[in-house]
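Novice: Protein chains in written order, with my numbering: chain A, 1 to 329; chain B, 1 to 304.
FYI, nobody ran anything at the bench for these hints, they're computed from the structure. Computed from a predicted structure; not experimentally measured. No residue lacks a Cβ here, since even glycine has one placed at the ideal position from N, Cα and C. No false leads were mixed into what you were given.
According to the in silico footprint, chain A covers these stretches of chain B (three or more CB under 8 Å from chain A):
id, stretch
1, 34 to 40
2, 155 to 166
3, 186 to 194
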Amino acid sequence: MTAEVQAPPDTSERPSDGEFTDGLFARLMAAAALTVIAVLVATAVFLLIRAWPALSHYGPLSFFHARWAPSEAAATSSTPNPYGILQFIYGTVVTSLVAMVIAVPVAIAVALYITNLSPAVLRRPLSSLVDLLAAIPSVVYGFWGVFALIPALGPIGRGLTSVSGIPVIGWLFQGPFFGYSVFAAGVVLAIMVLPIVTAICREVFDTAPVAEKEGALAFGATKWEMLRLAVLPRSRSGIVGAAILGLGRAFGETIAVTMLIGNNVLTIPHGIMRAGSTMPSVIANEFTEANQPFHLDSLFVVAFGLLLLSLLVNIIGKRIVGRVSEHIA
Amino acid sequence: MMIDEEPLEELSEVDGFPGERRRQITNLFMHAVLLLVMIATVAVLAWVLVYVAGQGLKYLGPEFLTQTPPGNPSQPGGGFLNGIIGSLIVTGIATLLSMPVGIAAAIYLVEYGGQLARVTRFLTDILVGVPTIVTGALVYAMWVVFFGFSGIAGGIALGLVMLPLVIRSTEEMLRLVPRELREASFALGATKAGTIMSIVLPTASSGIITGIMLAFARAMGETAPLLLTALGNDLFIELNPTKRMSTLSLQIFGNAITGYKAAQARAWAGALTLVALVLLFTVAARWIASRTSVGGGRVTEPRA
Chain A
1 MTAEVQAPPD
11 TSERPSDGEF
21 TDGLFARLMA
31 AAALTVIAVL
41 VATAVFLLIR
51 AWPALSHYGP
61 LSFFHARWAP
71 SEAAATSSTP
81 NPYGILQFIY
91 GTVVTSLVAM
101 VIAVPVAIAV
111 ALYITNLSPA
121 VLRRPLSSLV
131 DLLAAIPSVV
141 YGFWGVFALI
151 PALGPIGRGL
161 TSVSGIPVIG
171 WLFQGPFFGY
181 SVFAAGVVLA
191 IMVLPIVTAI
201 CREVFDTAPV
211 AEKEGALAFG
221 ATKWEMLRLA
231 VLPRSRSGIV
241 GAAILGLGRA
251 FGETIAVTML
261 IGNNVLTIPH
271 GIMRAGSTMP
281 SVIANEFTEA
291 NQPFHLDSLF
301 VVAFGLLLLS
311 LLVNIIGKRI
321 VGRVSEHIA
Chain B
1 MMIDEEPLEE
11 LSEVDGFPGE
21 RRRQITNLFM
31 HAVLLLVMIA
41 TVAVLAWVLV
51 YVAGQGLKYL
61 GPEFLTQTPP
71 GNPSQPGGGF
81 LNGIIGSLIV
91 TGIATLLSMP
101 VGIAAAIYLV
111 EYGGQLARVT
121 RFLTDILVGV
131 PTIVTGALVY
141 AMWVVFFGFS
151 GIAGGIALGL
161 VMLPLVIRST
171 EEMLRLVPRE
181 LREASFALGA
191 TKAGTIMSIV
201 LPTASSGIIT
211 GIMLAFARAM
221 GETAPLLLTA
231 LGNDLFIELN
241 PTKRMSTLSL
251 QIFGNAITGY
261 KAAQARAWAG
271 ALTLVALVLL
281 FTVAARWIAS
291 RTSVGGGRVT
301 EPRA
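Make a model of the complete structure from these sequences and hints.
Specialist: Structural data, given as structure tokens:
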């Protein structure tokens, strides 16, 4: 202790004092940086601790079935496990995939338009407008979705359910379609993740070398051929990274999805036109009213699973986008 | 198909390039497609904003902004004053918690570097992707089980949501401060801490403020983590952050899902108020960013 406080012999005008605050300052800043690591570790540890009673009572593998029926839980018996979570994993992945199928092509088109085709004066305003989509709160999207989007989706949904003859597509779109559905949740998710996917695509397209674009035009390529030959090919992995990061964002979206998906927790829905549920939606719906044996603990199992899923997707997406930007720089 | 190819060959003879006309048509077609998608995207934004404004303006008024909801949600009248106050208190607590830690962490990333900085930068990007409802569950397990649902718990949860956003935007701003300024300061005999506090931070200050305002706007719209922490209180104005507290977002959610017309009217007015507040902060933040020399207009990506 004493060795640390004792200032080294110093002949300058401001001895020891400056040195001491400098070291303390550096340590404070380092502590703040460590907070980030601590938060992530604490998240994993605390969720696991709270989930542990259910995990050890039922056994981790017994959660992998598709029926969530808290009212059937008993304090003493451990079989069968009434808390199946497969349908939540399915709902989370499928709503997010529906969102990406819609959002990624739109994001590519919008980003291509803004970076390469729009008049120069419109570039910033258009970027800002797309970014504004990210500023609208989730609860507002959910509310708007119930009253404006679902009625508008009605004809589309009923049209899609009428293609029942084709093998895979028929299963995917089988009816009846009542509005609240995996499909409706996916459409709102698409709008919500569009800004981030567009922003990353914009950045990726901006890095296409001007010389190659001008070269393509000089050889007589049309604008579209220039985009197809000089911009899109080298952007492929960037687009994949953007899509995966958007997917990670969609996985965790809670309130809008909860308001639109119909909250069917009893089974994996057939196709995407029927009601389902996601990992965030069941937590939001039942957390404060969990009163059955192991109910809250099982919700923490869901939360822990959601954490793992989102960490996985975000690390993969970050790796790809990071590698792309390193490659560019 | 056959009919199409006849004039094409004629044209290619004229222009000297094979398939010239088809290339031009493809070009025009793709231009039109990209333009239409762009227009459709802006139209969706307009649809959401106009719809919320149209529904919200039906009830938004002095009564809505100055009163609390009626005890029975099916009754008409009343307002979300308690939620508006709660939103400002909870998001304010979140800002007070995340701002110093976030700025300090960003300083460490930019000014000190090293292995810890590399790991922290990577984990900050990962932390942005952690679902906010998981953050809410963390604060429940760490805080609510010991101290109960409260405005503070909500503030901690939103602070954790804001933290990586503040770190990332501050880091970006600090990187824009010219190296020469730091070198000049060192040359004059200033310590590293002194240089950071009196040269680097003031130079980047407006950019940092912009980032914090954007994070604030985002936190104010959050609902999911608050369900597990602040819980909500629809009855009266609560100024004590150690008690359960309502926010605008929680009140919109609670009233929207009731099924009562009167409650939904209040929720629409609340949605319009929330969107207006969030857009106000977002636009103000951009305006500050656009007026500054260092990093003007840079903090615009919705990497939230």
